[in-house]
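Trainee: Whenever a hint applies, use it, and build me the whole structure from the sequences.
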Amino acid sequence: AQKVTQAQTEISVVEKEDVTLDCVYETRDTTYYLFWYKQPPSGELVFLIRRNSFDEQNEISGRYSWNFQKSTSSFNFTITASQVVDSAVYFCALISGSSYKLIFGSGTRLLVRP
Amino acid sequence: GAVVSQHPSWVICKSGTSVKIECRSLDFQATTMFWYRQFPKQSLMLMATSNEGSKATYEQGVEKDKFLINHASLTLSTLTVTSAHPEDSSFYICSAAGVHKAGELFFGEGSRLTVL
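Chain order of the listed sequences is B and H.
Quick note on numbering: the working numbering labels position 89 of the first sequence as 89, and the sequence is numbered without any gaps.
Quick note on numbering: the working numbering labels position 89 of the second sequence as 89, and the sequence is numbered without any gaps.
Treat each hint with caution, since some may be false.
Here are the simulated lysine-lysine pairs, DSS-like style, with alpha carbons at most 25 Å apart [unchecked claim]: (1) H:Lys41 to B:Lys3; (2) H:Lys55 to B:Lys101; (3) B:Lys101 to H:Lys20; (4) H:Lys20 to H:Lys66; (5) H:Lys64 to B:Lys101; (6) H:Lys14 to H:Lys55; (7) B:Lys101 to H:Lys66; (8) B:Lys70 to B:Lys38; (9) B:Lys101 to H:Lys41; (10) B:Lys38 to H:Lys41.
Keep in mind that the hints were calculated from the coordinates and are not lab data.
Mentor: The structure is reproduced here in structure tokens:
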């Protein structure tokens, strides 16, 4: 069975702090894709990153970075120097095997206070 | 990236009426579309998978007679909530899979349904 666990329900930080959102996944497939999405209060899902199971390189995009570790089945997301505009719900998600079904974690609500 | 458009963004209806939500892929052909439902402060739950030209596959616990899905073309899937009740009030989001890259999905903006 596939599963995505985001253990942090809510995180509150002060602006300019770094924050890491955890994501742990489960799958028996050797081919899978991991995603992070941002959902601001308006509701739409904003795609942040997709990583396939054969690419364990960490990625940095501006203030965002992702740490993919197959050994611990984790795909953590770090925001450096957080800003108020980063306040949103962040979802980690998994597509496993040949299916396009996207399995979402429960989400982490991030609040960045001025 | 590719664009997926949902319409309407907001809909308010009376209990007992039916509501149709459209999901269109604007610049690519979507062989498969997915419908998700999201209750307030909860995650997105997959309702059904829709393949063009065939019947939708519903997830366990989702009533297929209540949530009618039609995927008549490679660019359009519709979700009809029949005989809507207040407990159907939710945020409905579609996503579309193209034929370009494996694991590539594009989401619509979502449709917020309120049933009075």
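Trainee: Could you run down the list of hints and mark each one as holding or not?
Mentor: Hints, verified against the model:
Between the alpha carbons of Lys41 (chain H) and Lys3 (chain B) the distance comes to roughly 19 Å, so the proposed pair stays at or under 25 Å and holds. In summary, the hint linking Lys55 (chain H) to Lys101 (chain B) is supported, as the alpha carbons are separated by about 16 Å, within the 25 Å threshold. For the hint pairing Lys101 (chain B) with Lys20 (chain H), the CA-to-CA distance comes to about 23 Å; that is within 25 Å, so the pair holds. For the given pair, Lys20 (chain H) sits about 12 Å from Lys66 (chain H) by alpha-carbon distance, which is consistent with the 25 Å threshold.
Our distance criterion of 25 Å between C-alpha atoms is met by Lys64 (chain H) and Lys101 (chain B), whose separation comes to about 18 Å. A C-alpha spacing of about 28 Å is found between Lys14 (chain H) and Lys55 (chain H), which places the hinted pair above 25 Å, so the restraint is violated. Of the supplied pair hints, the one linking Lys101 (chain B) and Lys66 (chain H) holds, its CA atoms being roughly 21 Å apart against a limit of 25 Å. Straight-line distance between C-alpha atoms of Lys70 (chain B) and Lys38 (chain B) comes to about 23 Å, which keeps the hinted pair within the 25 Å bound.
Our distance criterion of 25 Å between C-alpha atoms is met by Lys101 (chain B) and Lys41 (chain H), whose separation comes to about 21 Å. Only pairs whose Cα atoms come within 25 Å are accepted, and Lys38 (chain B) paired with Lys41 (chain H) is accepted, the gap being roughly 14 Å.
Against the hints set out earlier in the document, a violation occurs for number 6 only.
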